[in-house]
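If you want the building blocks of each chain, they are given just below.
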Amino acid sequence: NAGVTQTPKFQVLKTGQSMTLQCAQDMNHNSMYWYRQDPGMGLRLIYYSASEGTTDKGEVPNGYNVSRLNKREFSLRLESAAPSQTSVYFCASRQGPEETQYFGPGTRLLVL
Amino acid sequence: EDQVTQSPEALRLQEGESSSLNCSYTVSGLRGLFWYRQDPGKGPEFLFTLYSAGEEKEKERLKATLTKKESFLHITAPKPEDSATYLCAVRGSQGNLIFGKGTKLSVKP
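Keeping their order, the protein sequence lines are chains F and D.
When we follow the working numbering, the leftmost residue of the first sequence carries the number 1, and every step to the right adds one.
When we follow the working numbering, the leftmost residue of the second sequence carries the number 1, and every step to the right adds one.
Don't take each hint at face value.
Claimed, not checked - Quick list of in silico lysine-lysine cross-link-like pairs, DSS-like style, CA-CA up to 25 Å: (1) D/Lys-108 <-> D/Lys-69; (2) F/Lys-9 <-> D/Lys-101; (3) F/Lys-9 <-> D/Lys-42; (4) D/Lys-101 <-> D/Lys-69; (5) D/Lys-59 <-> F/Lys-57; (6) D/Lys-108 <-> D/Lys-68; (7) D/Lys-68 <-> D/Lys-101; (8) D/Lys-69 <-> F/Lys-9.
As the list claims (entries may be wrong) - Beyond 12 Å from chain D on every Cβ pair, some chain F residues (computed): (9) Gly-42; (10) Tyr-48; (11) Ser-67; (12) Val-111.
Hints are computed from structural coordinates only; laboratory data are not their basis.
Because the structure is a prediction, the values reported are computed rather than measured.
Built from N, CA and C at the ideal position, the CB exists for glycine as well.
The following block holds chain F by itself, in its conformation from the complex (with noise of 0.2 Å):
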């Protein structure tokens, strides 16, 4: 039992680019969550997914585009990369509305 995975752990980008992080749970949750952290400014919900074919926007979402692949994978899309993306992102999961999110390990992104 992995819990939340993501890939690529780091990845470095140029101002243009294009590429998706990848982000998988094994706990047959409902619910999936993109976050990105950046330093003195906590945790932000770029994106969520409440269930299996449902996607809305978090606090964040310009730039960024997702897909709900299944229950399992829930990915994350920056079409033109640019340099105030770069950031650590970090996918969760859980269960039910109130149940506790659980977190991957985090992707680490810089955009040059």
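Got chain F; can you put chain D on it based on the hints?
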């Protein structure tokens, strides 16, 4: 607007020196206050959930308490391995977690 404020930003303790971390919150209808621990280069690790004023939960040297406006994370006789950033969060209206900026705890031997 739902908001979480943690203090202090950083705390340095000697091993064995007990202290408390503060989390003040503003939320319309509390549906859970959460404490997480985050080690450098790792994802947040769940510690506690508190739901109502007066509730307390303990785990090893950590004890979390909740009032109507704030939560405290008490650390009794800390050890160097307790060094980490401690995050507080409340559940927002979309079901997501709204986080404070964290308190970075350093415990020196």
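Evaluated hints:
With a C-alpha separation of about 31 Å, the suggested pair D/Lys-108 and D/Lys-69 falls outside the 25 Å cut-off, and the hint is violated. At roughly 23 Å between alpha-carbon atoms, F/Lys-9 and D/Lys-101 fall within 25 Å of each other, so this suggested pair holds. Distance check on the hinted pair: F/Lys-9 and D/Lys-42 sit about 11 Å apart at the alpha-carbon level, within 25 Å; holds. Under the criterion of a C-alpha separation no larger than 25 Å, the hint pairing D/Lys-101 with D/Lys-69 is consistent with the structure, at around 17 Å.
For the hint pairing D/Lys-59 with F/Lys-57, the CA-to-CA distance comes to about 35 Å; that exceeds 25 Å, so the pair is violated. Restraint check: the Cα-Cα separation between D/Lys-108 and D/Lys-68 comes to about 33 Å, which exceeds 25 Å; the hinted pair is violated. Of the supplied pair hints, the one linking D/Lys-68 and D/Lys-101 holds, its CA atoms being roughly 20 Å apart against a limit of 25 Å. Between the alpha carbons of D/Lys-69 and F/Lys-9 the distance comes to roughly 37 Å, so the proposed pair goes past 25 Å and is violated.
Not every CB of chain D lies more than 12 Å from the CB of F/Gly-42, the least distance being 4 Å, so the non-interface label is violated. Residue placement check: F/Tyr-48 does not keep its beta carbon more than 12 Å from all beta carbons of chain D (closest about 6 Å). For F/Ser-67, the non-interface assignment is confirmed: its Cβ lies about 18 Å from the closest Cβ of chain D, beyond the 12 Å cut-off. At the 12 Å boundary, the C-beta of F/Val-111 stays outside the reach of chain D, the nearest C-beta of that chain being 19 Å off.
The structure fails hints 1, 5, 6, 8, 9 and 10 (numbered hints given earlier, in ascending order).
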